[in-house]
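Chemist: Residue-level listing of the chains:
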Amino acid sequence: MRRLLLATLLVSAGAIGYELLLMRMLSIVQWHHFAYMIISIALLGYGASGTFIALFKSRLESGFEAAFATSALLFSITMVSSFALGQRVPFNALEVVWDSRQFLNLSLIYLVFFVPFFFAASCIGLAFTCRRRGISRIYFFDLFGAGLGAILLIGALFAFIPQDALLVLMTLPLIASVIMSTQSSARAPLITVQFLWVALLASGILQNQLGLRVSEYKGLSQALQVIGSRILDVSSSPLGQITVVESPTVPIRHAPGLSFNTLHIPPEQLAVFTDADDMSAITRFDGDLNSVGYLGDVTAALPYALLNKPDVLVLGAGGGSDVLLALYHGANSIDAVELNPQMTKLVEETHAEFAGFVYEDPRITVHTREARGFVAQSGTRYDLIHIGLLDSFAASGAGVYAQSESYIYTKEAIREYLEHTTDGGLLAITRWLKLPPRDSLKLVATAIDALRTMGVSKPGQQLVVIRSWNTITVLIKNGALMADEIQSVRQFARSRSFDTAWFPGIQASDANRFNLLREPYLYDGTKALLGPRAGEFAERYKFYIQPATDNRPYYFHFFKWATLPEVIALRRVGGAGLIEWGYLILIATLLQAAIAGLVLVLLPLSRVKRVWPAGTGPRMGAYFLLLGLAFLFIEMAFIQKFILFLSHPLYSVAVVLSGFLVFAGLGSAWSERLAGKLEGNDRSPVAIAVGGIALFAIVYVILLPLIFQRCIGFSDPVKIAISVVLIAPLAISMGMPFPLGLRCVAATAPNFIPWAWGINGFASVISAVLATLLAIEFGFVVVILTALVLYAIAALIFVSSTRPGSPNPLRQ
Amino acid sequence: MKVLTYLLLLVSMATSADEATHTVARAAMVEELRRYAQILDGPDEARISDAVMAAMNAVKRHELVPQSERRFAYENRPLPIGYGQTISQPYIVALMTELIEPDVDDVVLEVGTGSGYQAAILAELVGHVYSIEIIEALATRARQDLVRLGYKNITTKLGDGYYGWAEHGPFDSIVVTAAAGHVPPPLIEQLKPGGRMVIPVGSRFMTQTLLLIEKTESGEVITRQFGAVRFVPLTGRH
Numbered sequence: 001m002r003r004l005l006l007a008t009l010l011v012s013a014g015a016i017g018y019e020l021l022l023m024r025m026l027s028i029v030q031w032h033h034f035a036y037m038i039i040s041i042a043l044l045g046y047g048a049s050g051t052f053i054a055l056f057k058s059r060l061e062s063g064f065e066a067a068f069a070t071s072a073l074l075f076s077i078t079m080v081s082s083f084a085l086g087q088r089v090p091f092n093a094l095e096v097v098w099d100s101r102q103f104l105n106l107s108l109i110y111l112v113f114f115v116p117f118f119f120a121a122s123c124i125g126l127a128f129t130c131r132r133r134g135i136s137r138i139y140f141f142d143l144f145g146a147g148l149g150a151i152l153l154i155g156a157l158f159a160f161i162p163q164d165a166l167l168v169l170m171t172l173p174l175i176a177s178v179i180m181s182t183q184s185s186a187r188a189p190l191i192t193v194q195f196l197w198v199a200l201l202a203s204g205i206l207q208n209q210l211g212l213r214v215s216e217y218k219g220l221s222q223a224l225q226v227i228g229s230r231i232l233d234v235s236s237s238p239l240g241q242i243t244v245v246e247s248p249t250v251p252i253r254h255a256p257g258l259s260f261n262t263l264h265i266p267p268e269q270l271a272v273f274t275d276a277d278d279m280s281a282i283t284r285f286d287g288d289l290n291s292v293g294y295l296g297d298v299t300a301a302l303p304y305a306l307l308n309k310p311d312v313l314v315l316g317a318g319g320g321s322d323v324l325l326a327l328y329h330g331a332n333s334i335d336a337v338e339l340n341p342q343m344t345k346l347v348e349e350t351h352a353e354f355a356g357f358v359y360e361d362p363r364i365t366v367h368t369r370e371a372r373g374f375v376a377q378s379g380t381r382y383d384l385i386h387i388g389l390l391d392s393f394a395a396s397g398a399g400v401y402a403q404s405e406s407y408i409y410t411k412e413a414i415r416e417y418l419e420h421t422t423d424g425g426l427l428a429i430t431r432w433l434k435l436p437p438r439d440s441l442k443l444v445a446t447a448i449d450a451l452r453t454m455g456v457s458k459p460g461q462q463l464v465v466i467r468s469w470n471t472i473t474v475l476i477k478n479g480a481l482m483a484d485e486i487q488s489v490r491q492f493a494r495s496r497s498f499d500t501a502w503f504p505g506i507q508a509s510d511a512n513r514f515n516l517l518r519e520p521y522l523y524d525g526t527k528a529l530l531g532p533r534a535g536e537f538a539e540r541y542k543f544y545i546q547p548a549t550d551n552r553p554y555y556f557h558f559f560k561w562a563t564l565p566e567v568i569a570l571r572r573v574g575g576a577g578l579i580e581w582g583y584l585i586l587i588a589t590l591l592q593a594a595i596a597g598l599v600l601v602l603l604p605l606s607r608v609k610r611v612w613p614a615g616t617g618p619r620m621g622a623y624f625l626l627l628g629l630a631f632l633f634i635e636m637a638f639i640q641k642f643i644l645f646l647s648h649p650l651y652s653v654a655v656v657l658s659g660f661l662v663f664a665g666l667g668s669a670w671s672e673r674l675a676g677k678l679e680g681n682d683r684s685p686v687a688i689a690v691g692g693i694a695l696f697a698i699v700y701v702i703l704l705p706l707i708f709q710r711c712i713g714f715s716d717p718v719k720i721a722i723s724v725v726l727i728a729p730l731a732i733s734m735g736m737p738f739p740l741g742l743r744c745v746a747a748t749a750p751n752f753i754p755w756a757w758g759i760n761g762f763a764s765v766i767s768a769v770l771a772t773l774l775a776i777e778f779g780f781v782v783v784i785l786t787a788l789v790l791y792a793i794a795a796l797i798f799v800s801s802t803r804p805g806s807p808n809p810l811r812q
Numbered sequence: 001m002k003v004l005t006y007l008l009l010l011v012s013m014a015t016s017a018d019e020a021t022h023t024v025a026r027a028a029m030v031e032e033l034r035r036y037a038q039i040l041d042g043p044d045e046a047r048i049s050d051a052v053m054a055a056m057n058a059v060k061r062h063e064l065v066p067q068s069e070r071r072f073a074y075e076n077r078p079l080p081i082g083y084g085q086t087i088s089q090p091y092i093v094a095l096m097t098e099l100i101e102p103d104v105d106d107v108v109l110e111v112g113t114g115s116g117y118q119a120a121i122l123a124e125l126v127g128h129v130y131s132i133e134i135i136e137a138l139a140t141r142a143r144q145d146l147v148r149l150g151y152k153n154i155t156t157k158l159g160d161g162y163y164g165w166a167e168h169g170p171f172d173s174i175v176v177t178a179a180a181g182h183v184p185p186p187l188i189e190q191l192k193p194g195g196r197m198v199i200p201v202g203s204r205f206m207t208q209t210l211l212l213i214e215k216t217e218s219g220e221v222i223t224r225q226f227g228a229v230r231f232v233p234l235t236g237r238h
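From first to last, the protein sequence lines are chains R and C.
Counted the way this note's numbering counts, the first sequence spans residues 1 to 812.
Counted the way this note's numbering counts, the second sequence spans residues 1 to 238.
Simulated from the structure, these hints should not be mistaken for laboratory data.
Certain hints may be false.
What follows is a list of derived Cβ distance ranges for each label pair [stated by the list, open to error]:
1) R:104 with C:218: 49 to 57 Å
2) C:47 with R:100: 26 to 34 Å
3) C:166 with R:540: 45 to 53 Å
4) C:71 with R:171: 54 to 62 Å
5) R:288 with C:35: 51 to 59 Å
6) C:218 with R:380: 45 to 53 Å
7) C:47 with R:534: 31 to 39 Å
8) C:19 with R:546: 52 to 60 Å
A short, non-exhaustive set of chain R residues, derived as facing chain C with CB atoms under 7 Å [what the hints assert, rightly or not]:
9) 95
10) 250
11) 517
The beta carbon of each residue, even a glycine, is placed where N, CA and C say it ideally should be.
Next comes chain C alone, as it looks inside the complex (with noise of 0.2 Å):
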């Protein structure tokens, strides 16, 4: 019994060591991102907001990737998670989720829940997230995940994003994080006016872009995309 007893306070030891390691690792990460946050690009020179850095403080990223690369979870940068998908980088996760400006009443729609980490960190902020997964097994490991960390505003289903989902429609924000050939006309109907959706463009591993795409009160969209911190194509004069 005694050695029982020694065992399972070897693991509990391992495991808390192991959760504080992950702890310290986290808040490094995001001390990272606070300093990218001061050179943000956009036109209207947006900050990422001390609420959004909190969410990135609060999820265990580690938590959601595979046993292989959680050594890496604390990287700012995309990692691999099978079937062809990647979690987001951090400063991308956080600047996409800064950038639909979230409110503690939004509903918000996720189009392509992979790992599930965006819809974690959006469970953070608003009222409610409902995401899309197309992949059985992914969407089946990010479920199971994010009611194992006691997420209980995320909805996920099984499904074609393409179409949203229209019965909890319209949504104050809308985040595709799937791959996207063109903008799928009815998620521009399920953006309430005045709704931000937000789209990375680029491959795998190299979001090149995020198209930020606004609907007016009076229904128009106007499509902004951001690019890299800081980078200006030209050298010399400009």
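Next up, chain R with everything else stripped away, as it sits in the complex (with noise of 0.2 Å):
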């Protein structure tokens, strides 16, 4: 039992380490939208393996030990090969709009990385159902493993690149799978091929498959196709891939949103990418304020024209252009914020020569934290905050963002960055600008909503917005704008033609006349948003630009299904920067999911013979469906949710999973102890149960934000601690329902029990997609609340199918 139970284990690490280590390593060679994705394929292999062992059961049991060692070794290879093949599969994610041919490559990453989840799945499906007398240890093993996978994994990921990291991940399941042929019959073919398997890795061919294929498109690829371009230096952690490039034939210029007007051209700079995207610069400076004369003439630089040697809040420091930016306006104070230590390190050592030593200026303090955090946290006032520009241009033109959270740009931060500014203090945010507006507007549209939630009954007095041809500057003054502030915005704007969209008192005649535009778009959306009826505008405009909120933090989400037929249909005429093509790959994964598991989930369980009493089938189905789309909803809102308090994506995924993993695998073994001391009472533990859920979900709907508030300035430690104990009680109360119902029909319907577990395996694999979907339609709340209901129905159907007399198998 020792070995079963420590193979288990590894496999389960293996597991969950592979699943965040694919978000990792997918994030880097496409984008983000891969993340949700990869849940989903790992509930689908669960879901398979539990139909494919219930079809082969009988023949599974007799050879246990060679099946589970089996499967650990396929999974340890196919963790590997899946990896290489996946990246080979030449799905081009900015081409979906134009060939339909990637949706098909699509699906095929999706059965590529399904074969290894499938091998995992099997070894701990086959344990349960093989070893039934040690259930309870197996299943604490289990969980333990994955727990254990998520911190092994990030402390990997701090430790080697991911391709390393994959080498490393690998050798668990193998362990396992030697563990487990020691005992088998199998012992000799089995060991024959781990050895080979050794063997080839050992040779190093593997490794150089593993080398991460980044997309073409992505700003890296583009960066290394110019002549002379090179890496000066990788760097790796759980927060990114940090690449930095130089370029001597022909040098690195970023300066968004230069003037046409500018006598200055940019020095040289080196490229600095993370995830092989999102450009930043560190600029070449010699201590001579001149030789970045270019500073003077972007549209970042406005609120210095405002303002005299002030004290500034840099969010997002990156390469430090935007320091360099406030040191070249004689700031008074600079406090640089930048959540990836690798960053910082760049511009503090590694290039500090290049950078000018510029973060040894003693007006100059450089904090490697989480923005919202640092300023929830912050006692200092600031004569400026400033947040520049950190993603690429085409990543977010193309709307590569649509499904990614951003807490930077929400209306609570908006309002919490004001907080921190002095009286006639600015917030200063730059954005890309996209044509139509889309973001520009959502920012102008969660800024006027920040302001009316401060109080500001005018805030279009507080307002200033300025555009060059592909960036917008947003000014948020905590005040109204006063008669002379406004001369040096007019002043500012005309002497680089750049065009003002907002101003106190802007007349028609003041927007479109540098860069002209068919109709003067950011002026007319302004005006509208600070009028009376911005509603009915926000309605009828093509592009969602409600303001963004931590409940709904889609900063980059402007998808309406209304106007998708006319961007598709204005593709060919030079409208498929129109389209958010980031959501329609999530609509297609939806799609994908459910087919996948329709076909390798419940389409099998057919040949399952089904024996069970008359017509109570759909409800058994309907009660297992239920819980898989609810238990999955809370668990992805969530993650969602804690990305602001984790400060990562891959931070909030690896607690949150891992931390539901363990804490609703003990509700689902304490189940068992409250059905028996429930047993000839009247009251059902299911209702107890959701009971629990309710209670603890709509504390948390509530209590959350405050809690975040208050403690997201603590240390990245103590923030783990702080949300396994929240997700804790959450988590015991939604392990029950499923148990208990499996439990019932283990008594009454014993043929149904693959069934339960197909259905609810089939409702986790949609609901992870599902999930995030209504996260960006409805918000995080609606998504927990529409969970509550789900897990009240479902205790309806346990409640009224376990009276006495009931012909319904749920009741025992």
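Put the two chains together into one complex, using the hints given.
Modeler: Encoded structure:
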């Protein structure tokens, strides 16, 4: 038994680690949109393996050790080979609006990555099925392994590059296979294959196949195509892979929003890519501010035209461009906040000489912290809080981030920033300009909403919007703008041929003068959003521009279904840029998850004998379907919500996923005891569990924002501990309804058990994606409340079916 | 000998059949563009001229795309050409060409040769095209393709387009087909007074707008951005 427990732990750790690692690796080679697809794929593996075991139970039972060892070995092999193969699928996300074959490629990726999870799940499923006596211990080691796997992976990502972390991770199921094969009847062939696999790994052939094949359309790939460009260094951590590129032949010149009138050319720069995209630049600085004179001619320089020697907070310091911008304009002090320590190290140490030892300037203090957390905890008030451009125009413009949470640009965030400015201080945000305006108007709408929640009756008096041909800078003042400040804005914009889209007292003739648009979209939009019919305007606008909030932090989401037919039709006449393909991929993922779930989980179950009381199947099916949907809705909503608190999607996935697994497992174990205690009692254990879920979920909906606000500035380990404590009671309650239902079914309709697993697995597969979609459309609160309604219906089904006299097999 | 003759005949028939198919497809593509041209966007309600249409009909796009993409050569969409680059959507190419108002005596600078397609279209319409490419493999391939197709009024070079090509400037027009984070000041300098520069804005496969930069006779710079045809961001009354 000990061997089995250890093997289970290793496989389980490998599975969760692989899930997280895939998210990391696919974020580098493609974009963030794969993250939620991976969760769905992993669940599909578990669902399909349940069906597989149900179908071949007797054969697998007789050769349990061999089956376990084989599955573990195949898991190890496919962890590596699926990644190598998956990278070779020619999926080009940017081409989905042109080429329907890309959806086929997306499905191929889905299936390729399904395979390793299928084998991992088969090991666990086999252990449960074939060693029923030790089920509670196996379950514990399974869940403990999952938690361990998450921690191990995060640790491995600090120590290794992702490809090497994969090689570390694949040894876990390999060891599990070795352990189990010693007792197996097929020992000899298993050991031979294990040996061959190790020999293949030792030969280094596989490692060559694991090099990350970054999409050729990502910024890093494009930069490396340029003659003479080369990678100077690469560093990796769970927060991202940072690559520094120099290009001596064709210098990198990153100066978003540079005026046509400028007489300055940006000096030599090093490009810094995060996850092979989102370029920022380290600018060569020799201490002579004249050498970076171009910084006076970018839209982001606007706030400095209104301030004299300000105390500045730069959020998202990146390669230091915005810090240099502040220095150039004579800032009195600069607090530079950067989440990723590797990024800071580049400017502070690795390329310090190139950057002119800029961070050694006594006016600058660098803080390696998450932006929202830093502001929430800061007791300082600044004359200027500056948020620059940290994503690439190409990615931003193509809708890459459609389903990415961004807690930097929400109403609550803007309010918090403003509360940390001095009286008369400024918040300045620069974004890429998409046309017709989308995120720019969403930013304006969010700022207006934030000001209104602060009791400002005339937000238009505190707002300035200017634009170049490709950037927009929004200023929000903590107080009304004065006449001389407005004059400075006008002078700044006019001398650089930037267009003003809003300042207090602006006339239509002031907008759309230098970079002519067919209509003064931004001016019209801002005016409408400040007017009494703002709601109607937003409703009629063809993109979704309602303010981003912490409940719905999808700042980059502009998709409206009503607009889709029009923009699809217009793609052949220059309208391709109007389509938000990230959202379309999410829809496609949902469809393929549903199809894959049906084909791989439910359809094979039709071979299982259906012997249970007539008419009860739909009820039982509905019960397990609702549980699958509801569980994942809450889990996914929490993953997305905890990104704000834990600062990074990977941390959030690791903590929330393993937290839910471990504590739901504990809940599952305790459900037996609860059911025993309530035997003969009128109260239903499912009703009690669902009551607990509702209580904790509603309390969290109300209290989590406050808890996050209070605790966001704590260190990462403390925040992780707080997260675990918060997740525990909810997850324990959520772990109960499924085994309680299964227990009843086992007693009265055992043939239904594979169906219960299958239906629940199928629901989980689609729910992982559906939850993200619902969160984007309606916010986390609605996702959580929907889950509660589903749980309530499930409880009603359970209670009504377990009443004395009910023919339903949920009744024992 | 007879066998060889038959084989040659077969190859030649297949080739000419292939060419005929491409010619028909190209004509269909141009017809599609002509339909769109009637609804062209822009403050000046510009239309794609017959001259530009003729150029679009003359240039063999299928000769400038990778073999694997040839069957899509005359679809009105961008296609991958390797190295993370694309051959632009024909509609966008026609529009960009139209926006610079090409004239037979014009000397035009292109920044970003890519496949050579835009250069070839321009070469059908203007006096001379100078084209710069920073990706070596693309520069070599485009140069060879353009020579093979017989374009004598295109000069290409491998290099940094940021500084333009001062020895052949100033230019009547400049077409930037490469991504640009900002408009290089040297390019504005190398634009003749009264000249026009056009830049696509957006990602590969998804051109968002076209940026038209006009340098007035007095040297003032005015820019305009053209979006998708007929797209008005507000529904209902506006």
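Chemist: With reference to the structure, classify each hint as holding or not holding.
Modeler: Verification of the supplied hints:
no. : hint                         : verdict
1   : R:104 with C:218: 49 to 57 Å : 56 Å, holds
2   : C:47 with R:100: 26 to 34 Å  : 32 Å, holds
3   : C:166 with R:540: 45 to 53 Å : 50 Å, holds
4   : C:71 with R:171: 54 to 62 Å  : 46 Å, violated
5   : R:288 with C:35: 51 to 59 Å  : 57 Å, holds
6   : C:218 with R:380: 45 to 53 Å : 49 Å, holds
7   : C:47 with R:534: 31 to 39 Å  : 38 Å, holds
8   : C:19 with R:546: 52 to 60 Å  : 54 Å, holds
9   : 95                           : 6 Å, holds
10  : 250                          : 4 Å, holds
11  : 517                          : 6 Å, holds
The earlier numbered hint that this structure contradicts is number 4, and it is the only one.
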